[in-house]
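Participant: What follows is each chain in one-letter form.
There are 2 protein chains.
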Amino acid sequence: MKYLFVLLLAGVTAGAQIKKEQLNLMPWPQSVVVNDGNFSLTKNFKVNITGNPNSRIFGGVTRFLRRLDDRTGIFFEQGFVTKLNEVPNAELQINCAKVGKIGLYEDESYHLDIKSNKITINASSDLGALHGLETLLQILQNNSNSFYFPVSQISDFPRFTWRGLMIDASRHFQPIDVIKRNLDGLAAMKMNVFHWHLVDDQGWRIEMKKHPKLIELASDGLYYTQEEIKNIVKYADERGILIVPEIDVPGHGSAILTAYPEIGSKVITLTGGTSEKNIKGTAIATYGIERNAGIFTPTLDPSNPKTYQILSEIFDEVCPLFPGAYFHIGGDENEGKDWDANPKIQEFKKKHNLKTNHELQTYFTMQLAPMLKKHGKQLMGWEEILTKDLSKEAIVHSWRGPNEGVVAGQSLVDAVKKGYKTVLSNGFYIDLMYPVTSHYLNDPMPKGVNLSTEEKARILGGEATMWTELVTPLTIDSRLWPRTAAIAERLWSAEDVTDVDSMRRRLETVSFRLEELGLTHIRNKAVILRNISNNQNVEVLDEFTNVCEPLKGYTRNKNGTEYQMYSPLTLFADACTPDAKDALRFDEAVNQYLASKTPENKAKLTAFFNKWISLNKGLIELSTNAPLVQPILPLSKRLSDVSQAFLSVLDNKSSLKATELNKLVEECNTKDHADVELAVYSSLKKLI
Amino acid sequence: MKYLFVLLLAGVTAGAQIKKEQLNLMPWPQSVVVNDGNFSLTKNFKVNITGNPNSRIFGGVTRFLRRLDDRTGIFFEQGFVTKLNEVPNAELQINCAKVGKIGLYEDESYHLDIKSNKITINASSDLGALHGLETLLQILQNNSNSFYFPVSQISDFPRFTWRGLMIDASRHFQPIDVIKRNLDGLAAMKMNVFHWHLVDDQGWRIEMKKHPKLIELASDGLYYTQEEIKNIVKYADERGILIVPEIDVPGHGSAILTAYPEIGSKVITLTGGTSEKNIKGTAIATYGIERNAGIFTPTLDPSNPKTYQILSEIFDEVCPLFPGAYFHIGGDENEGKDWDANPKIQEFKKKHNLKTNHELQTYFTMQLAPMLKKHGKQLMGWEEILTKDLSKEAIVHSWRGPNEGVVAGQSLVDAVKKGYKTVLSNGFYIDLMYPVTSHYLNDPMPKGVNLSTEEKARILGGEATMWTELVTPLTIDSRLWPRTAAIAERLWSAEDVTDVDSMRRRLETVSFRLEELGLTHIRNKAVILRNISNNQNVEVLDEFTNVCEPLKGYTRNKNGTEYQMYSPLTLFADACTPDAKDALRFDEAVNQYLASKTPENKAKLTAFFNKWISLNKGLIELSTNAPLVQPILPLSKRLSDVSQAFLSVLDNKSSLKATELNKLVEECNTKDHADVELAVYSSLKKLI
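Residue numbers (numbering that gives the first Met the number 0), protein chains in the order written: chain A, 0 to 687; chain B, 0 to 687.
Isolated chain A (complex conformation):
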């Protein structure tokens, strides 16, 4: 009997044991084994480091301790880790064989072994150990009154060596604290490249000591000092992240040309004189910081030696700020209009036997390569830099797809076949407000294309891009997170980790945990809603964000002129995000109902309809003291109207004709209000 009791108890414990599938790990590791038993966290929990790492790991472990303690409120005794082998008998032992090199191709693997009384992280480099600590933080479990780690063994390494995020700091300047907290987010998601888009039409963002005009005239006073840049580089290094700076040339040149109009391509023809004698001349055009979004003509003059002189001096000042081996020179979206209209440039093309503007741009690009090489940098550029004369050392950044009228990622295949290394961003444009699945299932390794092993190896990885035409420091985190975490998984985890349901489930917890790094993707939504509601109760507004999504692609800011860079981005659309929660849940309910019209399944639908009818009433009430609620009302009314109709139909009380019902549904398919769309439209349509 006693024996049986013990067995039963063991059974209970084992029953409470977490299953591998329940872990909220992201990116999912290459190998996970969960066994019975737990490691209990107590205030005596300490960390010890051995091997040959540098001080990077001390900071990493100290941050790990603070995060774990802040989550659990355990009051760890250990405050700081400052040297090797400080606490030889510590419960967590970390061994790193060597100092990790920040850059590509470093060994980032780690082995995490959790036993019931001891945890070890073994890694070749400290970069792997930092990844192991993030996994350990993710595997934390709790019951009602304590925290623990499940006994388990994890072996892990990345699939791709380039797991990047680009942030555009030109269109809307993003202060240092925004960059820092997102670097922390990247590190938590085991991403290792931060591509800093520092120059575009809307502003130059790097302090320049030898060319101060760039800041004085082309930054609105919003820029990073060189010291700040160095500090960010150090901050990134401490988190195992490489920074790739970008100065976008020769197109997107409004800011540079605002400071240096003399190296612009635009020609102004002057006419004067008398009726008898015409005098014609040319003058230098003037430029201004661009306030709209779009593709603009200001372009550097590739025929002007001064262009190269200034760029060379700029690189001489900027390159030393970034110890990494790569420098991005942009090169995208140069339509060459000002080149075509400039006789001097046309002459130059002829003289150098450059047949197209594309060849002219390659000529330009190739002048830049040695300027960068001098500083030990390889040139990287958007896919437009790819032409036959481009040096094989350049990295081609593949970005275009159907939006730009070409096959998605075609340039990636072209590049690797021609011998170039490449990084994929097409499909990872998170500023476009597409659902997380579209990014999650976007694999840098093209399907159905025959690539040799060598060619495949040239696909370095991928990079999420956060363009900031419509993104401010208040909203950037909610545009980046949590979707970037799903991209991180695509780039780190095995190719066959593609279970969307699992990803969604894990993403919810991951998103919540990212808050501890200071990311504001959850908290700032309430700030926006409080402003819209004029400090009334935000509950109905918040509920309505669960069925609305910001307009996708480039539809929110038609022609790039509805919003200037100083326009308000504190609106309802700015509080909404892709993957509206109730839209997903409603779609599930619709599918269940269509599969089986049980009373339970019907009840799920009617609950949604009743909620939406009531939401509309709530919003109308709210709007009586909140002008910013007004633009939403046409939407909530349509959703309420269609809900009313469906309720009648479901109860067989409706005298509505199918065409009338269809009309009500179609009225929900609108993009004319508040810059959002009703994300339940397609599910409603299924019901007809």
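It should be emphasised that the hints constitute simulated quantities derived from the structure, not laboratory data. Hints may contain errors.
Distance condition first, Cα-Cα at most 30 angstroms in a straight line; then the derived DSS-like pairs of lysine-lysine [claimed, not checked]:
hint, chain 1, residue 1, chain 2, residue 2
1, A, 229, B, 212
2, A, 603, B, 616
3, A, 233, B, 233
4, B, 208, A, 233
5, B, 372, B, 209
6, B, 656, B, 610
7, B, 179, A, 233
8, B, 229, B, 212
9, B, 417, B, 455
10, A, 233, B, 209
11, A, 551, B, 42
12, B, 229, A, 179
13, B, 391, B, 372
14, A, 233, A, 276
15, A, 229, B, 209
16, B, 179, A, 208
17, A, 42, B, 557
18, A, 229, A, 279
19, B, 601, B, 580
20, A, 208, B, 601
21, A, 212, B, 45
22, A, 179, B, 179
Computed from a predicted model, the values in this text were never measured in an experiment.
Following the hints, position chain B against chain A.
Facilitator: Below, chain B without anything else, positioned relative to chain A:
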């Protein structure tokens, strides 16, 4: 008939006219007149500046435009203001006669005149104009679909010239973005002094080029670079704020002495030799960065010339970073224990005829005065610097009160009577978690003391102090705001502006509006609660914060050793604030019920009791998956138990004896759980 209709309409408009008392202005201006009519905001709204200001006003107006546009979503056409008289026919005309001088005694007055088609701000200096813009932002009104300013005239100027906030960046380092957003908060509240407590036992926070050891050994890597400090000084200047830096000496010296133990006062006696011959000697003590809170012995040696040499060199490096005319040298809480135990220092006292340690400290202080004077700075120090030999130029910072065993603000009276200028901080210690009223009604001008006009004039104003033993970047804003806004009103508005109900009502809106400056006092509460709840629904937790307040005074961190500076401050107490909302409402309900036991008044009480019973159930449920909820349960149980009892008593169904009920109430008077207290205890007690 037509005439009558028009009259009626006019009547409606007039009826909607806002009354002066309904305006959410804070600090309340010296003179407010509201007339009929409104100025309607449209996208054509523009600003024009005339007079003789410098560029400070351009930045101020541009920020004003963005804030107003972000609130209203109107899409103003005007993006930036960059020069004088840019839009002569603009609807808002600002005229500043001169450039404001950052410092004391500047003319900060302004006249704001809102007519139905034109707004003017007239100010002597641009500092006054900036204040006028803040008032204009506060006076914004709306109906259901538009925003407007009521026709009104406001004339305004500050009562005190020193309206300050101190932030302790030593105990918990507060990054640049924390400082910046709080400078914005100060400017919005028309405060003009930021006192930056940069050095204490727990860390040295200023980059030092000539004494790098201070950073290398005594900062944990957490410090402001000199460039960052200069940028903050500029940022403050742009908002009309003077920065007063503090290096706290000779006590609170752990950090300095960690780097320079040779100038410490502690003596270590060495004994050695043989049994026949004793050898005695002394050695330099070693010091470490302090991790606890409290008053510690490490103190600079005032008898050592090297002390003055190092301090002089430090001032030579630090003073030029701060253009303001004042430098705070601390001087507080030096108990002199190490001085008493050091024979060399005792000898020094005798030699210089210094009878007490207090006199010795004055000797020390007076050595510092010329070091600062050399850089054009006046010395300021906490009230302990006040002795008979102190130079009359020094400013005495009055801070002690009953907590320290002295009469509140006595030193202020002493100082002005002795001819010193003084600033009051006693009663403004916002870190102590006292209710807003206690600070609001704390007037720097002492009541019942006979002071001459000259003596009164020496009372410069007051300063809120945010010590950070228990305050991190996550929580600092909720400890500062909104209570600091009430202190701002005390320091700016007329002496007789003391209506607590009015202050509370206005404070609610002011607090909400402060969010637009990036302040996190509201949004970060949800972050903490999400962590405590383990990402479950935070509603019950949030409700429970409405009856709980953090322990007051120094009771949360007994003896300063329960929390180290690296301990978690992500707990329930960190989500709670003084002035718990439901505690105030409940107290009102109790008072009403006691005044008149109507069914309505009884119903108000029972609603609270039922809510609290249900809260307890909700918290128990939440706790099954949230260990951090456990410490709260004993409190919610007590509140639930007493609520049950009162419900029975109110229904005359109780067989409880008075003593038993009293016991239940007294059980709510506990400080033993979760570092909070039940803020409804005193109201419950009234009910017995």
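Participant: With reference to the structure, classify each hint as holding or not holding.
Facilitator: Here's how the hints hold up against the structure:
no.: 1; hint: A:229 to B:212; in the structure: holds (21 angstroms)
no.: 2; hint: A:603 to B:616; in the structure: holds (27 angstroms)
no.: 3; hint: A:233 to B:233; in the structure: holds (25 angstroms)
no.: 4; hint: B:208 to A:233; in the structure: holds (19 angstroms)
no.: 5; hint: B:372 to B:209; in the structure: holds (21 angstroms)
no.: 6; hint: B:656 to B:610; in the structure: holds (24 angstroms)
no.: 7; hint: B:179 to A:233; in the structure: holds (22 angstroms)
no.: 8; hint: B:229 to B:212; in the structure: holds (21 angstroms)
no.: 9; hint: B:417 to B:455; in the structure: holds (12 angstroms)
no.: 10; hint: A:233 to B:209; in the structure: holds (22 angstroms)
no.: 11; hint: A:551 to B:42; in the structure: holds (26 angstroms)
no.: 12; hint: B:229 to A:179; in the structure: holds (21 angstroms)
no.: 13; hint: B:391 to B:372; in the structure: holds (13 angstroms)
no.: 14; hint: A:233 to A:276; in the structure: violated (64 angstroms)
no.: 15; hint: A:229 to B:209; in the structure: holds (21 angstroms)
no.: 16; hint: B:179 to A:208; in the structure: holds (25 angstroms)
no.: 17; hint: A:42 to B:557; in the structure: holds (19 angstroms)
no.: 18; hint: A:229 to A:279; in the structure: violated (50 angstroms)
no.: 19; hint: B:601 to B:580; in the structure: holds (20 angstroms)
no.: 20; hint: A:208 to B:601; in the structure: violated (72 angstroms)
no.: 21; hint: A:212 to B:45; in the structure: holds (28 angstroms)
no.: 22; hint: A:179 to B:179; in the structure: holds (16 angstroms)
In terms of the numbered hints stated before, the structure departs from hints 14, 18 and 20, listed from lowest to highest.
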